[in-house]
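Throw the hints in and build the complete structure from the sequences for me.
Number of protein chains: 2
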Amino acid sequence: MIDEKGILFVLSGPSGVGKGTVRERLFEVEEQLKYSISATTRNKRPGEVHGSDYYFKTHNEFEKMIENDELLEHAKYVDNYYGTPKDYVQSELDAGNDVFLEIEVQGALQVKENFSEGVFIFLFPPSLEELKKRIVNRGTESEELVQNRLNEAQKEIEMMHNYDYVVVNDNVDYAVQKIKSIIVSEHCKRERIEKQYNNIIKDDDFNVRTIN
Amino acid sequence: MIDEKGILFVLSGPSGVGKGTVRERLFEVEEQLKYSISATTRNKRPGEVHGSDYYFKTHNEFEKMIENDELLEHAKYVDNYYGTPKDYVQSELDAGNDVFLEIEVQGALQVKENFSEGVFIFLFPPSLEELKKRIVNRGTESEELVQNRLNEAQKEIEMMHNYDYVVVNDNVDYAVQKIKSIIVSEHCKRERIEKQYNNIIKDDDFNVRTIN
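Sequences listed follow chains A and B, in order. Taking numbering that gives the first Met the number 0, the leading residue of the first sequence gets 0, the next gets one more, and so forth. Taking numbering that gives the first Met the number 0, the leading residue of the second sequence gets 0, the next gets one more, and so forth.
What the hints contain is simulated information worked out from the structure, not anything from laboratory work. Worth double-checking, as some hints may not be accurate.
Identical copies carry no separate label here, and so any pair may be met within one copy or between two of them.
Unchecked claim - Okay, derived cross-link-like pairs now, DSBU-like style, lysine-lysine, Cα gap no bigger than 30 Å in a straight line:
(1) K154 to K4
(2) K188 to K132
(3) K63 to K4
(4) K56 to K111
(5) K188 to K63
(6) K111 to K194
(7) K188 to K43
(8) K43 to K18
(9) K85 to K194
(10) K154 to K18
(11) K188 to K85
(12) K85 to K75
(13) K43 to K4
(14) K179 to K4
(15) K4 to K33
(16) K179 to K33
(17) K43 to K75
(18) K56 to K188
(19) K179 to K194
(20) K194 to K18
(21) K56 to K18
(22) K4 to K18
(23) K194 to K132
(24) K194 to K63
(25) K179 to K111
(26) K154 to K194
(27) K85 to K132
Predicted, not measured: the structure shown is a model, and the values here were computed from it.
If you want it as structure tokens, here you go:
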């Protein structure tokens with residue numbers, strides 16, 4: 000069992016569902032989980048540490064990473080790139096650590112294309128009424144803008160069929176408990192560990208002589 | 000979510016692995032789980048209650064249940080039949096309750112043929128040395144008998160590829176915790192709940208007008 004690899008868990012869901020809050024609470028109770036560190040071209044803010052908060056890259060460096068297929072996903076917001084370097088994820092998984100990535104729906108779908116062996120968890124709103132209220136209450140925006148966001152949320156929820164699990168965020172602690180259970184349970188999946196067991200169990204082991 | 004159905008969990012594994020102990024501990028902490036009640040033709044012992052310990056049946060009644068395909072699995076030990084009636088399991092699942100069945104490997108494989116939507120958990124010995132010791136120490140049996148049991152255990156372990164999960168019984172509490180996680184996690188599986196969500200989410204829900 001010593002050589003068991005880690006698993007990549009990807010938490011996603013529509014805007015307003017509470018992904019960040021759930022992720023923060025999860026990391027308070029799951030200290031061994033590694034948070035996937037993003038790369039970005041935006042400027043470092045006071046107090047931020049390279050390799051801990053972000054990998055800070057120049058535009059040139061980032062575009063080379065894209066060219067060389069070194070990212071699990073990436074996107075451009077305004078003028079800056081954001082993305083998930085494969086390197087960090089892969090080296091943590093190889094070391095037997097689970098990696099956790101919290102990301103919006105489009106990013107999660109990109110990760111799935113590049114790393115289908117990940118476990119994809121969709122955080123679902125407690126009710127659609129609640130999600131709508133949150134979207135509506137975000138600001139004093141026009142009805143048109145609110146409707147755009149609702150349409151966006153609908154499209155994101157329709158992407159649910161790409162995910163392995165659905166967790167309802169009716170209560171942050173319950174949601175965290177469910178994600179913890181998914182992590183434990185995934186490590187018990189037969190196809191993940193069968194090979195190791197097969198290596199351990201040799202025919203010779205089932206011979207009385209080896210006991211005496 | 001109200002109409003969510005229960006799930007059948009089947010715990011199995013080689014003789015001597017500790018299935019009974021794990022099941023007992025699990026039921027101390029999971030009060031809502033329903034234990035699958037077996038049918039048998041053996042005589043009722045003092046204190047046993049029909050419909051709670053067993054469904055007591057005559058040989059005739061039992062053979063009719065076999066004929067009518069009313070059992071998830073059955074076997075004959077010495078002169079008596081033992082089996083798992085479909086009726087009880089199905090009515091508990093329909094009522095939204097999870098059902099738990101602890102059974103030897105051959106029985107579990109029969110259940111899988113008849114009810115593939117169940118979740119099959121294989122309890123694995125902490126080490127082969129430990130399993131061998133337990134088999135050897137059961138009595139003062141001949142080397143031949145011990146070898147037969149080891150061969151049997153080997154065949155049972157080779158059946159592992161039919162299972163969904165593998166839980167190592169290195170510590171009863173850890174094993175119970177893992178089974179509890181599997182139960183929670185299975186209820187979060189997207190394919191189990193997607194249909195319900197699709198019914199809940201109608202296009203109309205994503206319209207600003209429905210909020211005002």
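Do the hints match the structure? See the list:
1. For the homomeric pair K154 and K4, the shortest alpha-carbon distance between copies (27 Å) is at most 30 Å, but the shortest distance inside one copy (34 Å) is not.
2. Only between protomers do K188 and K132 lie at most 30 Å apart by alpha-carbon distance; the minimum there is 27 Å, versus 39 Å within a single protomer.
3. Taking the shortest Cα distances, K63 and K4 sit within 30 Å of each other inside one copy (29 Å), while across copies they are farther apart (50 Å).
4. For a Cα distance limit of 30 Å, the shortest separation of K56 from K111 inside one copy, 24 Å, qualifies, whereas the shortest one across copies, 53 Å, does not.
5. Taking the shortest alpha-carbon separations for K188 and K63, neither the intra-copy value of 37 Å nor the inter-copy value of 38 Å comes in at or below 30 Å.
6. Taking CA atoms no more than 30 Å apart as the test, K111 paired with K194 passes in both settings, with 24 Å inside one copy and 22 Å between copies.
7. In this homomeric assembly, K188 and K43 never come within 30 Å of each other (Cα to Cα): the closest approach is 41 Å inside a single copy and 39 Å across copies.
8. For the identical chains of this complex, K43 and K18 are intra-copy neighbours only, at 24 Å inside a copy versus 55 Å across copies, given an alpha-carbon limit of 30 Å.
9. Only within a single protomer do K85 and K194 lie at most 30 Å apart by alpha-carbon distance; the minimum there is 25 Å, versus 34 Å between protomers.
10. In this assembly of identical chains, the alpha carbons of K154 and K18 lie at most 30 Å apart only when taken from the same copy (17 Å versus 46 Å across copies).
11. For the identical chains of this complex, K188 and K85 are neighbours both inside a copy (24 Å) and across copies (27 Å), given an alpha-carbon limit of 30 Å.
12. When the C-alpha separation of K85 and K75 is checked against a cutoff of 30 Å, the pair qualifies only within one copy, where the shortest distance is 18 Å, while the shortest distance between copies is 56 Å.
13. In this homomeric assembly, K43 and K4 never come within 30 Å of each other (Cα to Cα): the closest approach is 33 Å inside a single copy and 50 Å across copies.
14. For a Cα distance limit of 30 Å, the shortest separation of K179 from K4 qualifies both inside one copy, at 18 Å, and across copies, at 23 Å.
15. Within a single copy, K4 and K33 get their C-alpha atoms as close as 13 Å, which meets the 30 Å cut-off; across copies the closest is 35 Å, which misses it.
16. Both within a single protomer and between protomers do K179 and K33 lie at most 30 Å apart by alpha-carbon distance, with minima of 14 Å and 24 Å respectively.
17. When the C-alpha separation of K43 and K75 is checked against a cutoff of 30 Å, the pair qualifies only within one copy, where the shortest distance is 17 Å, while the shortest distance between copies is 72 Å.
18. When the C-alpha separation of K56 and K188 is checked against a cutoff of 30 Å, the pair qualifies neither within a copy, at 38 Å, nor between copies, at 38 Å.
19. In this assembly of identical chains, K179 and K194 lie within 30 Å of each other by CA distance both inside one copy and across copies; the values are 24 Å within and 24 Å between.
20. Within a single copy, K194 and K18 get their C-alpha atoms only as close as 34 Å, which misses the 30 Å cut-off; across copies the closest is 23 Å, which meets it.
21. Taking identical chains as interchangeable, the C-alpha atoms of K56 and K18 lie at most 30 Å apart only when both belong to the same chain, with a minimum of 26 Å there against 54 Å between chains.
22. In this homomeric assembly, K4 and K18 come within 30 Å of each other (Cα to Cα) both inside a single copy, at 26 Å, and across copies, at 27 Å.
23. In this assembly of identical chains, the alpha carbons of K194 and K132 lie at most 30 Å apart only when taken from different copies (24 Å versus 49 Å within one copy).
24. Taking identical chains as interchangeable, the C-alpha atoms of K194 and K63 are never at most 30 Å apart, the minima being 37 Å within one chain and 43 Å between chains.
25. For a Cα distance limit of 30 Å, the shortest separation of K179 from K111 qualifies both inside one copy, at 21 Å, and across copies, at 28 Å.
26. When the C-alpha separation of K154 and K194 is checked against a cutoff of 30 Å, the pair qualifies only between copies, where the shortest distance is 17 Å, while the shortest distance within a copy is 39 Å.
27. Taking CA atoms no more than 30 Å apart as the test, K85 paired with K132 passes in neither setting, with 37 Å inside one copy and 46 Å between copies.
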